[in-house]
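With the hints as extra help, turn the sequences into a complete structure.
Residue numbers (this note's numbering), protein chains in the order written: chain E, 105 to 230; chain S, 259 to 614; chain V, 3 to 196.
Warning: the hint list may mix true and false statements.
Claimed, not checked - Dumping the calculated DSSO-like pairs for lysine-lysine here, alpha-carbon to alpha-carbon at most 27 Å:
{"no.": "1", "chain 1": "E", "residue 1": "Lys176", "chain 2": "V", "residue 2": "Lys158"}
{"no.": "2", "chain 1": "E", "residue 1": "Lys189", "chain 2": "V", "residue 2": "Lys95"}
{"no.": "3", "chain 1": "E", "residue 1": "Lys199", "chain 2": "S", "residue 2": "Lys613"}
{"no.": "4", "chain 1": "V", "residue 1": "Lys123", "chain 2": "S", "residue 2": "Lys493"}
To be verified - To give an idea of the chain E side of the interface with chain V (calculated C-beta under 10 Å), a few residues:
{"no.": "5", "residue": "Gly209"}
{"no.": "6", "residue": "Ala221"}
{"no.": "7", "residue": "Phe223"}
Calculated directly from the structure, the hints in this document are not laboratory data. A quick note: this is a predicted structure, and the numbers were derived from the prediction, not measured. Glycine residues also receive a C-beta, built at the ideal position from the N, C-alpha and C atoms.
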Amino acid sequence: MIFKRINMKLCKIFPIVISALLISACTSNPSIDDMTSRMRETDEVKVLDMRSILVNNQLKVDVSLQVKSTNKNISYRFAWYDKNKFQVYGAEAWKPLTIGSGQSGNIQAFAPGPAAASFKFELTSD
Amino acid sequence: MIKILKIFFVFFGALICLSVMGQIGTPLPPLSDIVEVKPNESKSDENKTLKEEKVVDAAPQVTLKKNVKIPNSIAVAEFYIRNDYKDFFYDEKLNSNFKLDGNANTNPNVNSVAVLNGTEADQKPPAQSSTATVNIQSDVSYSKNYGTRTIISYKEIRGLTAQIKSMLIKAGYQVIQPAPYVHNGAQDIDVNNLKGRSDRGDFYDAAFVLQGTVINADSRRTREFIQGTTDYSYKQENSIIVEFNLIDTETFQVASSFTVSGFGRDMYLGKVNSTFTPRTDKIARELLSSFNQDALKKIQEEIPNLNKDAGVSKNTIEKDATSIGDVSTLKVYGKPKQVDGQENDDKKNPMTVYKK
Amino acid sequence: MSNKHFYLISLVLFLGGCVATTAPVVKYGDSKAVETVNTDFGSTDMQQIAETMSRSMLESPLVLGARQAPFVTVADIKNKTSDYIDTRAISNKIRSQLTRSGRVKFVVSISEMQNQVDELKRQNQSGLYSNQTASNMGNMTGSKYRVEGSISSIVKQNKNIKDVFYIFQLSLINNETGVLEWEDEKEIRKTASR
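Below you can see the structure in the form of structure tokens.
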């Protein structure tokens, strides 16, 4: 009888617990690698920190980089996506990375408009 | 005996006839004075009529009452622009009169004696006397007058009060059209002399007078170069500013006062030597519509609406029960966003830090 | 003689071959790619400047916190460098990026007035257009702010290195009060070394 009662309780509680765990898993932030897209050879650049914030409904991103060497000319840009993962505001121009060899620096970017809900940090080399 | 009686009756009848005729001939009391006939109070209508007839026959009691003002009535006076300008005049006159009178009289004294016998010697030539008089009169006068004279001209502006009158009628007032003003010389009442005009009866017992005074009526034509183009803009602009005073005709207190302005413009884009003929009807229409919009706003603020079921004032919005919404679907999301988002972002806006 | 002929013919063939092998090869490239042909003002510089300036203006409290998109007009950007730079192209780029964001509205500037006036004249004064559909004169929106700026450069050169430093400055000025509401600058350094 007691078993039945415990079973009943578990049956009620179990789905709730599982769903809570799943929801918490979904809301954890993606990793830096997920948000970075490297093209060609960009191993000299290491992304130390990446954070984003909403300023009055517009996305603002701050990326902290460390450059080991400047053998290759590395350029970067941001790609902006709306909430349905469609790219918005067109492709940005490639900007040459001006952080010197062995130095670290910050790159800040502000979304071109309020439609941008997420972004991707793109790196490429010559 | 019968003859005497006949004469007596004729005489009496004549007297009656004369008295009746005399009564018909008496002049009626003037219409301008309000005449109050006091009928004798009675219970039944028949008696009333009979008694009224009697009262009329027996020379009614006439009492003059003061002029009663029509309640909630406004007489909207027309606008006049008074222009005083001084004119310098210079008169030079030369008058010369010349009179010449001449009389020439000849008086023949004919003393001819008719001689019957006819002897020549006896005939004497008739004696003649003649006088001639000449009168000459001449005067020359020369006058030179100069100085400055002030010319006062009144110009009436029509057409601006139509909308105002309709607004007042809709607000529940009785609008009275005053008598037209015609200025007759310097001794006449000035158009702005409300007391004089009211006493003269121009306002027909209106309780209030809405008097408009034109403060500024301006018309200008300009030509301006437009930067970045090879064209000029030609403009004709008319503007009018009128000050309204709502004045009580008994106490001459100002009940309310406001200013209304209107502006109308016509524009043409062209080259340096273009000819511009402005569309006066367009300018007048624009001026009227802007004037009326401004007047509507001011009248709604200043002059109270008499209608009980008057429209809702601007500041209060009636809310339907259905427009509030279904309370069960109400969701409150966090606090409203701040204007300066950057400082408070760390606390309120979501920030994501990406893991490695 | 035959030697001479032989040399002449071979020379002609060689030259013909040279001409044939140096025919240009046309390829499409990435318009957004970094361009490093020389130290003159280039496409990457223009793109970088436009992007940085427009994002910075979007981030300013005036634009970000406005309840309604402000009306802005573009005044001239002065070229104080020795290069030929089409500053109108830079300002057009900035303008298009800001317009796409929807947070700023641009109005016709002085350089575009002739087209505006011609169109208004055509609709109002020719007598061919109906009153209901014609755009009336006298209803243009005035701008509250204007954007103006300048670009200048510092060129330093020695035997081996040529260093060009560009500085682009842009400001947003209130037309009525004359107050500088926002200002930003972008610096670009290009070096060419042998």
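For each hint, the structure was consulted:
1. E/Lys176 x V/Lys158: holds, 25 Å
2. E/Lys189 x V/Lys95: Measuring from Cα to Cα gives roughly 26 Å; hence the hint holds.
3. E/Lys199 x S/Lys613: holds, 25 Å
4. V/Lys123 x S/Lys493: Given that 27 Å is the threshold and the Cα spacing comes to 14 Å, the pair holds.
5. Gly209: Result: violated, 14 Å to nearest chain V Cβ.
6. Ala221: violated, 15 Å
7. Phe223: Status violated, d = 13 Å.
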